[in-house]
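**Student:** Each protein sequence line maps, in turn, to chains A and B.
Those letters in the first sequence? Residues 1 to 198, by the numbering used here.
Those letters in the second sequence? Residues 1 to 355, by the numbering used here.
Do not take every clue at face value.
If you anchor each label on the Cβ, the simulated ranges turn out as follows [what the hints assert, rightly or not]:
hint : chain 1 : residue 1 : chain 2 : residue 2 : range
1    : B       : A195      : A       : A48       : 49 to 57 Å
2    : A       : R156      : B       : G280      : 45 to 53 Å
3    : B       : R51       : A       : K149      : 29 to 37 Å
4    : A       : H143      : B       : G305      : 43 to 51 Å
5    : B       : P323      : A       : R32       : 44 to 52 Å
6    : A       : R156      : B       : F284      : 33 to 41 Å
I should point out that these hints are in silico values taken from the structure, not numbers from a laboratory.
Predicted, not measured: the structure shown is a model, and the values here were computed from it.
We put the beta carbon where it would ideally sit given N, CA and C, even for glycine.
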Amino acid sequence: MSPADRSAMLRVLLVTDTDKPIGDLRQALARRGYDMLDEVATPAMLPAAVEKQRPDIVIIDTESPSRDTLEQLAVMNATAPRPVLMFSHDADLDLIRAAVGAGVSAYLVEGLSAERLTPILEVALARFSQDERLRRRLAEVEHELADRKSIDRAKRMLMDRNQLSEQAAYAMLRKRAMDQGIRIADAARRLLAAHDPH
Amino acid sequence: MIPTPAHPPAAAPERRRLRLGFVALSDAAPLVAAHRLRLGERHGLELVLCRQPSWAAVRDKLLSGELDAAHALYGLVCGMQLGIGGPRADMAVLMVLNRNGQAITFSHRLADAFRQAGDLKAALATLGRPAVFGQTFPTGTHAMWLYHWLADHGVHPLRDARSVVIPPPEMVAALARGELDGFCAGEPWHAVAEARQAGRTVALTSEVWPDHPEKALACRREFAALYPDTARALIRTLLDACRWLDQPANRVRAAGWLAEPDAIGVPAAQIAPRLLGDYGGHRFEKAPLPIRFHDGGAVNRPRAGDGVWFLSQYRRWGLLHGPSDDRAIAASVAQTALYDEAAGEAPASGAGGAG
Numbered sequence: 001m002s003p004a005d006r007s008a009m010l011r012v013l014l015v016t017d018t019d020k021p022i023g024d025l026r027q028a029l030a031r032r033g034y035d036m037l038d039e040v041a042t043p044a045m046l047p048a049a050v051e052k053q054r055p056d057i058v059i060i061d062t063e064s065p066s067r068d069t070l071e072q073l074a075v076m077n078a079t080a081p082r083p084v085l086m087f088s089h090d091a092d093l094d095l096i097r098a099a100v101g102a103g104v105s106a107y108l109v110e111g112l113s114a115e116r117l118t119p120i121l122e123v124a125l126a127r128f129s130q131d132e133r134l135r136r137r138l139a140e141v142e143h144e145l146a147d148r149k150s151i152d153r154a155k156r157m158l159m160d161r162n163q164l165s166e167q168a169a170y171a172m173l174r175k176r177a178m179d180q181g182i183r184i185a186d187a188a189r190r191l192l193a194a195h196d197p198h
Numbered sequence: 001m002i003p004t005p006a007h008p009p010a011a012a013p014e015r016r017r018l019r020l021g022f023v024a025l026s027d028a029a030p031l032v033a034a035h036r037l038r039l040g041e042r043h044g045l046e047l048v049l050c051r052q053p054s055w056a057a058v059r060d061k062l063l064s065g066e067l068d069a070a071h072a073l074y075g076l077v078c079g080m081q082l083g084i085g086g087p088r089a090d091m092a093v094l095m096v097l098n099r100n101g102q103a104i105t106f107s108h109r110l111a112d113a114f115r116q117a118g119d120l121k122a123a124l125a126t127l128g129r130p131a132v133f134g135q136t137f138p139t140g141t142h143a144m145w146l147y148h149w150l151a152d153h154g155v156h157p158l159r160d161a162r163s164v165v166i167p168p169p170e171m172v173a174a175l176a177r178g179e180l181d182g183f184c185a186g187e188p189w190h191a192v193a194e195a196r197q198a199g200r201t202v203a204l205t206s207e208v209w210p211d212h213p214e215k216a217l218a219c220r221r222e223f224a225a226l227y228p229d230t231a232r233a234l235i236r237t238l239l240d241a242c243r244w245l246d247q248p249a250n251r252v253r254a255a256g257w258l259a260e261p262d263a264i265g266v267p268a269a270q271i272a273p274r275l276l277g278d279y280g281g282h283r284f285e286k287a288p289l290p291i292r293f294h295d296g297g298a299v300n301r302p303r304a305g306d307g308v309w310f311l312s313q314y315r316r317w318g319l320l321h322g323p324s325d326d327r328a329i330a331a332s333v334a335q336t337a338l339y340d341e342a343a344g345e346a347p348a349s350g351a352g353g354a355g
């Protein structure tokens with residue numbers, strides 16, 4: 001089975017029990033070849049829906065009252081799907097980092113466009129998958145997150161040490177990278193290693 | 001040199017404004033009272049209350065720092081510490097907010113069968129299918145009270161019945177629709193179930209463990225370590241609130257606040273009686289112990305033994321495997337020393353004690 005066939009068969013359950021508008025997400029994901037199961041609108045409907053329809057992934061709002069119901073399904077049954085969480089627009093980026101950094105299978109998405117959700121659905125599936133291609137993709141995403149973290153830390157260090165604005169700290173970091181002919185993330189790591197005995 | 005007083009005055013908290021999470025339950029009363037009475041002011045704190053739609057949201061927001069501390073199921077804190085079903089994180093129980101006050105409600109059909117048969121197994125057999133019971137979180141207190149109570153009545157909670165997690169505000173509707181045969185959760189949802197004639201309260205959780213710990217004031221351990229003066233000020237603030245709630249007249253006032261739409265949003269008449277220990281002529285198998293908030297501090301002091309019990313139950317029901325030093329884990333969560341420092345610094349009387 002080719003990877004395209006796999007994603008074409010991905011069964012997606014949408015939980016729609018909050019006021020947050022989901023727009024045409026359902027139709028957009030269906031157009032992209034996902035098998036969109038009947039929506040679940042109350043927590044009490046969720047266990048039966050998961051049991052009978054066996055979704056691969058559940059898309060749910062971070063503020064959904066059904067989240068604890070899903071937790072129970074994941075804890076009590078190893079084959080239960082792990083949630084993909086929707087993300088409110090005002091939400092804290094740290095929340096994404098905490099969840100992804102801790103290696104949990106919950107992915108938090110800002111906004112709900114199908115374009116942005118599709119790669120995250122694939123990554124979430126890769127957590128469970130033996131599919132090499134998807135696993136590589138997962139590693140890439142995690143690498144990007146690690147890069148961003150190093151750059152943030154280096155930036156913060158420059159800001160603190162030199163009383164710089166965030167913009168000026170980033171410019172300084174970028175100049176170092178260009179001077180040394182390396183990536184900004186690597187320049188950030190070198191800087192951190194030079195100043196941080198740990 | 002300035003002489004050191006016997007009880008040094010509390011240091012100013014490092015953080016003034018704190019975001020506290022809570023879930024729509026009667027035992028959120030200490031937070032709601034502290035907020036309404038501005039009890040934080042004399043300890044240098046401004047409390048911002050943030051109602052949460054689920055315990056999973058409480059957990060995530062404690063981890064991300066979006067909440068500084070929260071009204072949390074004691075078992076939620078233990079589950080986070082162990083990383084069961086989610087990210088593992090070093091957690092702190094600053095104090096116990098209440099003991100007792102939870103219940104088990106059955107549908108009328110099952111409650112009648114239970115009363116007639118006098119035996120739970122026989123009562124469940126009358127359903128002709130596996131019973132479905134609701135509780136509130138996989139590692140939470142209600143799951144553990146329900147499982148223990150069912151097992152005490154000869155019913156294996158995971159083999160002889162089905163257990164589903166439903167948010168407390170949805171329990172009554174699910175019971176009324178026949179999707180549940182019973183549930184274990186906090187109040188006022190049992191009183192609401194009776195008011196809407198969806199079911200009857202058949203047991204109080206004090207039957208499982210008299211004076212059991214229920215909700216904790218929880219934060220990340222890092223928060224308590226980074227901001228010890230803030231943590232102590234927060235403990236003192238909530239202690240004042242718990243002490244205030246020991247007066248029956250104050251519980252009636254608190255019920256009025258809890259009834260408001262931004263707290264629980266059900267009539268005060270369905271909150272106040274059980275907050276006062278009035279179960280309306282129900283007879284239970286064991287003498288009911290009503291909810292307790294303070295009782296001279298007996299309620300609030302966090303103890304390692306409380307956490308050890310939850311870990312032992314996780315092993316019993318297959319949520320925790322392998323060897324671990326349960327005592328050490330529970331002791332690292334329960335901030336007994338920090339609590340003792342804070343409680344020792346608390347004035348013997350004041351806004352809280354005067355009521």
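**Student:** If any of the earlier hints don't hold here, list their numbers in rising order.
**Tutor:** Violated: hints 1, 2 and 6.
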